[in-house]
Every structure is written in C-alpha cells, then in structure tokens.
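Participant: Residues per chain, in single letters:
There are 2 protein chains.
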Amino acid sequence: MQNETAVKKPHVVIVGAGFGGIRTARALAKNDVKITLIDKYNYHLFQPLLYQVATAGLSVDDIAYPVRAIFRDQKNVDFRLAEVSNVDFETKVVTMNTGQISYDYLVVAAGGMTNYFGMASMEKNGFGMKTLDESVEIRNHVLRMFELAAHEKDADKRRALLTFVIVGGGPTGVESAGALSELIYHVMVKEYHNMNFKEVRIMLVEASDKLLATMPEELRDITVETLIRKHVEVRMCVQVTEYDGERMSLKGGEVIPTYTVIWAAGVKANNLIDTLDVEQASMRRAIVNEYLQLPTRPEVFIIGDAAHCMQGERPLPMVAPVAMQQADATAKNIRNIIRGKELKKFVYKEMGNMATIGRNAAVVHMGKFKTHGFIAWAIWSFVHILRLIDFRNRAVVFVKWMWDYLVYERVVRIITRQ
Amino acid sequence: MQNETAVKKPHVVIVGAGFGGIRTARALAKNDVKITLIDKYNYHLFQPLLYQVATAGLSVDDIAYPVRAIFRDQKNVDFRLAEVSNVDFETKVVTMNTGQISYDYLVVAAGGMTNYFGMASMEKNGFGMKTLDESVEIRNHVLRMFELAAHEKDADKRRALLTFVIVGGGPTGVESAGALSELIYHVMVKEYHNMNFKEVRIMLVEASDKLLATMPEELRDITVETLIRKHVEVRMCVQVTEYDGERMSLKGGEVIPTYTVIWAAGVKANNLIDTLDVEQASMRRAIVNEYLQLPTRPEVFIIGDAAHCMQGERPLPMVAPVAMQQADATAKNIRNIIRGKELKKFVYKEMGNMATIGRNAAVVHMGKFKTHGFIAWAIWSFVHILRLIDFRNRAVVFVKWMWDYLVYERVVRIITRQ
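Chains C and Z supply the protein sequences, listed in that same order.
All the letters of the first sequence, read from the start, carry residue numbers 70 to 487 under our numbering.
All the letters of the second sequence, read from the start, carry residue numbers 70 to 487 under our numbering.
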C-alpha cells in the first residue's frame, strides 16, 4: 500500500509564485504529493513594497527572494522558470513556453496586472507599478529627471521635468506619493545644491471624491492632511483623459506638462485568464465556486487576483491577504479530496486595512480599532517586516529601515541601464 | 582681494567618478576652487567587488553609491551626468553629450575598459566585467543556465549549459572562479534537487604559466591548489582563439562547448583617450610626465587607468591604489600651481597585493609579509570593508557578509529583465 501511493503520488501544479502560489505550495509540501511551481520569474516578489523600490528606499533584492531558496528543504517541490500559455482542462495538461506538464490538481494563482481601462496613451507613456522591472524603471526615470533639471536653462522645461504625477488614490498611490515626497524633500534637497525646490510639484490625482476609499472618513481626512503637509498636491474628482509623454490632459480641458505619470489606478487579472476556457467577471477574473474551484472542474482551483470570488454581495478585493487565505483553504481542500473527505467552503476573514504615508505617518483600521500617526506607522512596519521575514528570514531590510529612519538617507539612488 | 579671488575661483573639471576622480574632488573640495565632476553614471562604482555582483554575493546597491551623496556637504562640487566626447585643450573646453563646459584645470580620470585584444568573436559573445550592467548580465545569465539545465533532457546540451569558463588568471579571474565555485557548490547544490552536480564544470584559462603573476611563487602555488580544491579546472599556457557563443576554441584545436565565457584577460584605457590629441602608449593610455601632466599642457592632469605613467623602467599597473595615490598627488599639485609653489614629482608607494579565492581563502603579499588562508581572508575583508565604508558609511555589506559566512547563503540570486 505504501509503495502504491508512492508510485501514484498526486501531482499538484501551481501557476504563479506570488503570495497565493507560494503559500499553497508551502502548505501542501508537508503532504505526500509532488508539487511543480511555475513562474516566469525566478523570484517571489513582495509587491506591497514595490513603491519603495520606485522611490529609492529599498533595493531590488530586498523585496525579491529566489523561489528555490524558499523550497530548499522541500524536495517534493520542483520549480519551473516558464511562462504558461494555456491549459487543456480535458487532458489536464499545462502548456509552457518551454514544454508541457500534466497535473492531477491545478492551482491557478497567476496574479494581477495593471489595468489602464483601455487608455492606450497612458499604457504607452505612463508607468505601471506591478513588476520589479517597472519599479526600477520609475526609480531610474525619476532620478534622471532631477539630473536633467539640474542643468536645464529653460524654466518651463525644468518645471515639467520636476512635475511628478501619480494617478490613483488607493494604497499604492498614497504610499508612492508619500515616499516620493520624502525622497525629494528630505534627501534630494541636500544634494542638488543649485536647484530651487519650489519648482518641484508632486500631484496625486483621484477620480472619485475619496482617497483610501475603504477606510473610515476620519482616517481618509487625516491621509489627505498628511499628504498636503508633505507638499503633495491632492486632486480629487479629477479624471485623466490622455497622456502623450509630455502633457497630461484632464477631463474639462486642463493640461499639465509633465514627463512622469505613474499609473496606480487599477488592476485586472493576469492575461493568462483570457486564454483559458473559463467564465469571467469584472476585471477579467475567472468565476470560481465557494470552494474556489472552477465550477465545472473540481480539480482546478483559482485563487488571488485571478479569481472572482463572491463574499456576500460583493467580490473580494485584489489584495494579498485574500490570496493568502485562499491559498490555505485550497491546500486544505486538495488534501480533503485526496483523502476522500468533504470540502470546506471558503470564508474570508477581514484583517483590516492599512497604508503608510511616510516616516511616522500611517493609517490603520482593523474592525473597531482605528489609529494614525506614529503608532500606525509602527504597526505597519511591524506587520510588513514580519511578512518579509517569513520569506527572507533575514534582517537586512530592518537594518536599512532603521538607518533611513535615523539619518533620512536613501542609498538606492543609482540609475542603472540608461 | 578676498572678493577678487571669490569672483575668479579657479574651475577644476574632473572627468570620471571612479577611485581617481572622486578622490581628487574630495581632496580639492576643501580649497577655494569650484569643482565640476562629470560621469556618465550617477554613481561611484566599487569595481574590485564587481565579481561579487556577478556571482550573486552582493546587490548592485552594495557596490554602487550615488556621487551626489558623496559630495552632499561640499557645496563647491557640482555633478554632471554626462558623457565626455572631446576636449579642446586650446580653448580649454570640455564637450559633453549635454553641452559644453570650460575649465582652468582639467583632471582626466576616465578609467579603463575591457581589452579583448581585437578578438571580435569574444567581444560579441563573451562577457566583460568592468561595468555594473555587465556584472548583472553575468549573474542573470549564470542563473538562467541553471534553470535551463534543470529541465534539459539532452545530456550534451546540459553539460554545455553547465560549463562556465573564465579567461584570465589575474585577480579578477581568480576571484570570480572562486566565488562562482562557492555559489554553485555551496548554494545551488541545495536547491536543484534533481540535478547532477558532477556535470558542472568551472574552468579558469590563463595564457601564461602563472596565476596572479605579480605574487611570489609560494602564494601562486597555493592559489592554484585552493582553486583545484574548489573544483575549478585550472588551465595554464592555454590561449583562446575564438568563441561563437556555443563553442570556445583553443590554440591547438581543442574545442569546449559552453554558453558562458567571462573575459577577465585584459584592460585598456577608456576610449575617450583615443579622441584626445595626446600621445599614447601601451593599452592606449595617455603618456604623462612625472607630475602626471600632459607634457605640453601643464593645466591638464591624467590619472589612473587612463594614464601611462613610468615608474623606474615600467609603467604603473592599472589598479585602484595607483589611481588613488595619483589623485592625492594631483590635488596637491593643482594647489601648488594655484599658490605659485613648485610642483612635486609623483612617486608610487607599493601597497602590496591581495586576492581572495573564497570563504576563508585568500593570498596577501605586502613587502616581505606573505600570508594565505583564513588570516589573509580576514585582512582582505577588513581592507575592502574599510574602503567601502569610506564611500558608503554604512554597515549593510558587513551584515550581508557575516550572514553569508554563517549560513552559506546567497540571497541575490534573482534574474532581472529576462
């Protein structure tokens, strides 16, 4: 009997090494299954801190960790560096750019990507911030704008070089604006001896009348006040209509000359979902049942940003905690199927909301608990360091943060690959 | 009088922010001069540790430090991110890709670049290791070779993917070979669960009959033994004749299938020197007089890898200590000219030689003092950390090294921009 199961070990294929995929693999690795984890990058990316790479606060290596290092001691986990192009649910075969692989159970945790809502000029000329390469591009670009502005004689050109626009008032937009402000007004200001920093302009543009829409009103107000104190121009109820790389147009006719527009206004499921034979809902996410399975394929689970999962009247948001809880539930249900047990419905436990706006400034909302300022910043830091350590198991990020905190330093300001 | 000198502050233009350029600017910044430092990168690169980036031991940000951060408190130092294309010695004007600038004193510290000695196939298909981007390319490439080999069914192809050749038995070649061995046999071996590491081959190829030619024989022998113990195949008296990207040909007819050839076999002066109206010697370096001036232009100094400076019967080697001592001498002589004092001849003080071959293994030679093994490694680490701190003023590299030392870890193994 022992031998027979050894031969027939179920093969679980997981697509995506983000929060959902890694966590599913970890949870299942202890079981008697064979796992293949596929990702087009060889690292797990800690996406919530991408904005810190974009604003020169952290290095690339601080928020990216090799997948193979995570599963060093799990000999039943195999990694494939590959891009998945399709899945044949009938024959249970995943097609990658480097070959094919068959599965007994499939977990699609392919994640999300920037949603430009069809605005082609923004997709072409703006910056997205969902991948490591994109955040490095933003960093290089912002630093280069300062180098160009430092010796630009034409005042209009100089002001356009020094105008930085962030579109989207969600956590990514708010955190990016706060971090950019600190980079510029605490660090750059000391190093560009001949520059007039009154010419610098940081704008945060939001289409609705709310920043951090899911937060209570009190914390939303504090967020706006904090940003304004950090010299961020907060513009609400404003819609961007076009951006040609030099001029951003707003609905109503206003035109803002700028070379830098960071688009943090939307996410949609990875384009892999479009190639699959699945029913889709908003943000092109695949519709799953209450067990996170494809309704017609009980051996296929879809989780995280790729899944449209209803909870009550609403679909769950596209955030890391959802993906991680879904990963745990999926690992449990795959075990249940293998053992012939009944499946358990997925129920999301709301963990609260938080966003940081810079040094000593954040807003935190958990159930009835609301706080802001230094305490919120400490909670935010603590939670993120814990999560990072979960993947990295080391202290460099902590050392860097403490250092930055003590000396207002940003050492990651190098421009690579010009 | 005070006012007059303020108006007529001498303008010193320094081309290059390497060891020589940075040091000259630092030494002169205390004086009543205006300094413009020009580099095509916005960072100072700690080149002696490039091989650690190439072998995933350190991050890009650990060995690159923003120039502006170095001169934060020196308000008389201005930085220009630009590439110098020419200098008109007659009108004393430097032409950059972004404009022109005139000087009273010019210091050319443009550094060196990889010398392929005219071997076009190697320049095209091999990897140089003089810039940050090149070392990141090597890292990405080496990591990708392992990912490809992990699922390659063809045994010949697999062995070629796992064959890594380093050409050149100087310090860079020796250090790269040692570091690559440690990456593979201490780290990768734990993470590629299904790979046979007997198929891996690291080769160090040297045309002469000596590794680390300037070291005493005793230390050269120890170097070879140490490398062999680290599974590096040391091939001396062997000349590479061609490399097409898949097959490396040696003189005599031997052909080695490999996708990775790292060229560490030569350096020559930066190509800027070719565009200047100067007399050149070996490695296209500009010939300078005993004060490091261009013989016909007393206001132009050339230092470091760009200068051909005779000391006794031989030209000085192209290494960092030479550039740094020449920087001190140049700063002093520019001061002397300004103050109407006599110039001082440059005399190089030999500081000794060292190279590390990996964890606990290095060779050190200073005057009559010779040592190897752990003590040499400790000296090497101490000297390099001190030099780094000189530029970075912080402890992250130290923390990383200690961590690697304790747990045999390499966390920088991410493949960027595929």
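No lab work stands behind these hints: they were computed from the structure.
Careful, some of the hints might be misleading.
[Stated by the list, open to error] Pairs of lysine-lysine, DSSO-like flavour, derived with a Cα cap of 30 Å: (1) Z:Lys193 - Z:Lys109; (2) C:Lys144 - Z:Lys103; (3) Z:Lys77 - C:Lys259; (4) Z:Lys144 - Z:Lys439; (5) Z:Lys161 - C:Lys222; (6) Z:Lys259 - C:Lys77; (7) C:Lys144 - C:Lys99; (8) C:Lys161 - Z:Lys144; (9) Z:Lys320 - Z:Lys226; (10) C:Lys161 - C:Lys226; (11) C:Lys144 - Z:Lys226; (12) Z:Lys259 - C:Lys259; (13) C:Lys144 - C:Lys103; (14) C:Lys161 - C:Lys413; (15) C:Lys226 - Z:Lys259; (16) C:Lys259 - Z:Lys222; (17) C:Lys99 - Z:Lys259; (18) C:Lys259 - Z:Lys109; (19) C:Lys103 - Z:Lys267; (20) C:Lys77 - Z:Lys222; (21) Z:Lys222 - C:Lys222; (22) C:Lys161 - C:Lys144; (23) Z:Lys99 - C:Lys109; (24) C:Lys259 - Z:Lys267; (25) Z:Lys99 - Z:Lys161; (26) Z:Lys279 - Z:Lys222; (27) Z:Lys222 - C:Lys144; (28) Z:Lys193 - C:Lys259; (29) Z:Lys226 - C:Lys222; (30) Z:Lys193 - Z:Lys103; (31) C:Lys279 - C:Lys267; (32) Z:Lys109 - C:Lys222; (33) C:Lys226 - Z:Lys222; (34) C:Lys78 - C:Lys279; (35) C:Lys222 - C:Lys193; (36) Z:Lys401 - Z:Lys109; (37) Z:Lys193 - C:Lys78; (38) Z:Lys193 - C:Lys103; (39) C:Lys222 - Z:Lys78; (40) Z:Lys267 - C:Lys144.
The structure presented is a predicted model; accordingly, all values stated were derived computationally and were not measured.
Participant: All the hints need checking, so say for each whether the structure fits it.
Facilitator: Hints, verified against the model:
no.	hint	result
1	Z:Lys193 - Z:Lys109	holds (23 Å)
2	C:Lys144 - Z:Lys103	violated (62 Å)
3	Z:Lys77 - C:Lys259	holds (26 Å)
4	Z:Lys144 - Z:Lys439	violated (44 Å)
5	Z:Lys161 - C:Lys222	holds (22 Å)
6	Z:Lys259 - C:Lys77	holds (26 Å)
7	C:Lys144 - C:Lys99	holds (10 Å)
8	C:Lys161 - Z:Lys144	violated (66 Å)
9	Z:Lys320 - Z:Lys226	holds (23 Å)
10	C:Lys161 - C:Lys226	violated (57 Å)
11	C:Lys144 - Z:Lys226	holds (25 Å)
12	Z:Lys259 - C:Lys259	violated (46 Å)
13	C:Lys144 - C:Lys103	holds (9 Å)
14	C:Lys161 - C:Lys413	holds (24 Å)
15	C:Lys226 - Z:Lys259	violated (54 Å)
16	C:Lys259 - Z:Lys222	violated (56 Å)
17	C:Lys99 - Z:Lys259	holds (18 Å)
18	C:Lys259 - Z:Lys109	holds (21 Å)
19	C:Lys103 - Z:Lys267	holds (25 Å)
20	C:Lys77 - Z:Lys222	holds (23 Å)
21	Z:Lys222 - C:Lys222	violated (60 Å)
22	C:Lys161 - C:Lys144	holds (24 Å)
23	Z:Lys99 - C:Lys109	violated (52 Å)
24	C:Lys259 - Z:Lys267	violated (54 Å)
25	Z:Lys99 - Z:Lys161	holds (24 Å)
26	Z:Lys279 - Z:Lys222	violated (39 Å)
27	Z:Lys222 - C:Lys144	holds (20 Å)
28	Z:Lys193 - C:Lys259	violated (42 Å)
29	Z:Lys226 - C:Lys222	violated (57 Å)
30	Z:Lys193 - Z:Lys103	violated (42 Å)
31	C:Lys279 - C:Lys267	holds (27 Å)
32	Z:Lys109 - C:Lys222	holds (20 Å)
33	C:Lys226 - Z:Lys222	violated (57 Å)
34	C:Lys78 - C:Lys279	violated (51 Å)
35	C:Lys222 - C:Lys193	holds (28 Å)
36	Z:Lys401 - Z:Lys109	holds (26 Å)
37	Z:Lys193 - C:Lys78	violated (47 Å)
38	Z:Lys193 - C:Lys103	violated (42 Å)
39	C:Lys222 - Z:Lys78	holds (23 Å)
40	Z:Lys267 - C:Lys144	holds (19 Å)
The structure fails to meet hints 2, 4, 8, 10, 12, 15, 16, 21, 23, 24, 26, 28, 29, 30, 33, 34, 37, 38 from the earlier list, while all remaining hints are met.
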